[in-house]
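J.: Chain residues, written in single-letter form:
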Amino acid sequence: MQPTSHDFKANAHRALGDPNLQRAMDMMRTGFPVNRAAAIARLPEFDALRDEGIAIKNHVIANLDFYLETFEKNVVAQGGKVHWCRDAAQARETILGICRDAGAKTVTKGKSMVSEEIALNDYLEANGVTPVETDLGEYIVQIRHETPSHIIAPAVHLVKEQVAESFRATHTHLPPDRPLDEARVMCDEARTVLRAKFLSADIGITGANFLIAETGSSIIVTNEGNGDLTQTLPKAHIVLASLEKVVPTLEDASTLLRLLARSATGQEFSTYTTVSTGPRRADDTDGPAAYHVVLLDNGRTALLGGEFQDMLRCIRCAACLNHCPVYGAVGGHAYGWVYSGPMGAVLTPSLIGIEEAGNLPNASTFCGRCESVCPMRIPLPRMMRSWREREFARRLSPQAQRWGLAVWAYVARRPRLYRWVSAMTSHILSLVGGTRGRFRTLPLVAGWTDTRDMPAPEGRSFMSQWAAREKRS
Amino acid sequence: MADSPRVALFVTCLVDLFRPTVGFAAVKLLEEAGCRVEVPAAQTCCGQPAFNSGDRDNAKALARQVIDVFKGFDYVVVPSGSCGGMIKTHYPELFATDPIMADVANALAAKTFELVSFLTDVMKCDHIAARYDGVATYHDACSGLRELGIKDQPRRLLKGVEGLTLKEMATPEVCCGFGGTFCVKYPEISDKMVSDKVADIVATGADTLLCGDMGCLLNMAGKQSRLGKSIRVRHVAEVLAGMTDTTPPIAAPREKR
Ligand code: SF4
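The listed protein sequences correspond, in order, to chains D and G.
Residue numbers for the first sequence follow my numbering, so the first one is 1 and each next one is one higher.
Residue numbers for the second sequence follow my numbering, so the first one is 474 and each next one is one higher.
Mixed in with the good hints, there may be bad ones.
Stretch by stretch, here's where chain G covers chain D in the computed footprint (C-beta under 8 Å, at least three residues) [said to hold, decoys possible]: (1) 47 to 54; (2) 278 to 292; (3) 383 to 395.
Below, a list of computed lysine-lysine pairs in the DSS-like style, where the Cα atoms sit at most 25 Å apart [as the list claims (entries may be wrong)]: (4) Lys501/G - Lys9/D; (5) Lys235/D - Lys81/D; (6) Lys624/G - Lys501/G; (7) Lys105/D - Lys197/D; (8) Lys471/D - Lys501/G; (9) Lys73/D - Lys105/D.
Just so you know, the hints here were simulated from the structure itself, not pulled from any lab data.
Model, not experiment: these values are computed from the prediction.
Idealized CB from N, CA, C, for every residue including glycine.
Isolated chain D (complex conformation) (with noise of 0.2 Å):
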């Protein structure tokens, strides 16, 4: 995927003119946050829960190698394989080199984040593998050639009239003038059309939320449970994960489910948890022959020991989305690139650059709402200020930005000065003011004046008139 994220500004113009998209966000904004409380107000010990999840992580990444050669001997000891690959061009190539090797010609998938990240449907489609996505809203933006613009609700961009007509303009053996005007009867269309692809697939790729180190296993999460048809009916499954996934015992997991379920959609626990353990075993009813794990680093170990390295407690439960106003406003393609929100905002630039990110941890008012609700306690807007000094030091923002800054940053610095500037702006922009309490225009703040006011100062600076009074009394 081509990232735009140096975009940023346009894309986001055209999402707050777009109305579905609009209307898709509407709904977003008052919907995941409501779930979210209740699920949290339902459990009093949620805080105690979030301080042990986050003790778990970070005790995983001080130990990474540790717990990441642990999963792989217990991989091989269930008759699995692990590949590691240090980048997206690498896990592209093993993964190609599997379906090769064992004929695939067509591989389903479930839903990973990573996969975007690798670009793995392209490039499985131009090499002759044809990749069919399984859950439902990643099949929406499949067959409408978009990307996911959410890390959990792929389609949440969009409204269920679009999704209509997406359905109408693929699913041509069905009537056109059929009903589908309910979420409902879509969602079986789609169940009826994917059935058979499920079945004549070779190969089923998976991400995880999960590995687990103690057993070999990796854990993956679903609503529809497509997952457990893509990684049980054709003949191998891989998974393909990056390297912060691993935990070390089910247990920990479990902990850490608590933790997704409800801060991602407020459920108290995901519909189905499947928990895949090496390929079929001679006395296994089904399951693959086959069982791979994609290990993927991609920019993952160059955090750790930085200031970017909570980023990898990361469980991409995508609370922090759902209450990000920014997010909110423009919905996640704005951004450019596979993450979006705050965590995308923090993890994106340290992936792709920061030359071509910056706009993204530039793009928040640091209202601190994500890291509110991040069951990680991930301190996103400290991460996002990070990234804006790295850019300021490299000097890659805006020159009048910076210019201004120092203009400003000389007078703040002088006390008199400042005081003296303070007065003269204060009593001028009152007194050009006038009557009317406000400005319709104001040179060097047009952004905000094309669509909102400015108030007009009361007078006097404060210090000017505290001055006065001093000296009188």
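Add chain G with the ligand to chain D, keeping to what the hints say.
T.: Just chain G with the ligand now, kept in the frame of chain D:
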């Protein structure tokens, strides 16, 4: 008055420039609560614009200046959760690895408070006698809410104001879109956020909007005024200090002098 605390008022740039009444209201409230109030003349800005723009050097220089000017007082009180949060939570962060400055930054942080929470939590005011006729809705400014835990304090004091009814909006904790330089760097997104905020305010039917931060107030006042609404927008200190008669609401027309 010998044992009454010596309190320095950190006026903040926006109050100094746009809304001196808030400064005088703060002084009045503090004095009525039994404090000796001083306003150090050498104060300027807390440095947050530099800090949030990634300019650590200027942020540190300004923080040093503030620490220097304010370190000798019992308390530092700020009529803004945003600037208060800067001093209280971010100064210690700025100097965390500086063995000499860390201590003084922490010391200043420990005695710095946002105005309303200082009145309730430190001075233990439960009731302030004031009168305001109107139905008000209260916006929780982000830094005050999430960095300093200010939520209940202003509401508690406002409940005691005669003639005032509080009516909550649906999402008082959602950012208004001001965000310091954000509103000029990303004006379209900022406008979308403040439009949603104003819609939420209007839906309450309240005739007054209160908040504890000038940045948010200027933003929301400017938007509602552009939309032709006539909601009375004021800093919470103006209402608590009973100073609403002396000056018109933010962005409202003034009488000829
Ligand atoms: S950063 Fe936190 S809130 Fe956001 S997706 Fe990750 S774990 Fe969830």
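J.: Next, verify each hint and record whether it holds.
T.: Evaluated hints:
Figure legend: the segment 47 to 54 of chain D, annotated as covered by chain G; annotation inconsistent (0 residues with Cβ-Cβ distances under 8 Å, at least 3 required). Here's how the segment 278 to 292 of chain D fares: 0 of its residues keep a CB closer than 8 Å to some CB of chain G, so the rule of at least three is not met and the hint is violated. Only residues whose beta carbon comes within less than 8 Å of a beta carbon in chain G count, and the segment 383 to 395 of chain D has 8; three or more means the coverage holds. Note on Lys501/G and Lys9/D: the hinted pairing is violated, with a Cα-Cα distance of about 45 Å set against a maximum of 25 Å.
For the proposed pair Lys235/D and Lys81/D, the alpha carbon gap of about 15 Å is at most 25 Å, so the pair holds. At roughly 22 Å between alpha-carbon atoms, Lys624/G and Lys501/G fall within 25 Å of each other, so this suggested pair holds. Only pairs whose Cα atoms come within 25 Å are accepted, and Lys105/D paired with Lys197/D is accepted, the gap being roughly 12 Å. Distance check on the hinted pair: Lys471/D and Lys501/G sit about 18 Å apart at the alpha-carbon level, within 25 Å; holds.
Using a Cα cut-off of 25 Å, the hinted pair Lys73/D and Lys105/D is violated, with the two alpha carbons roughly 31 Å apart.
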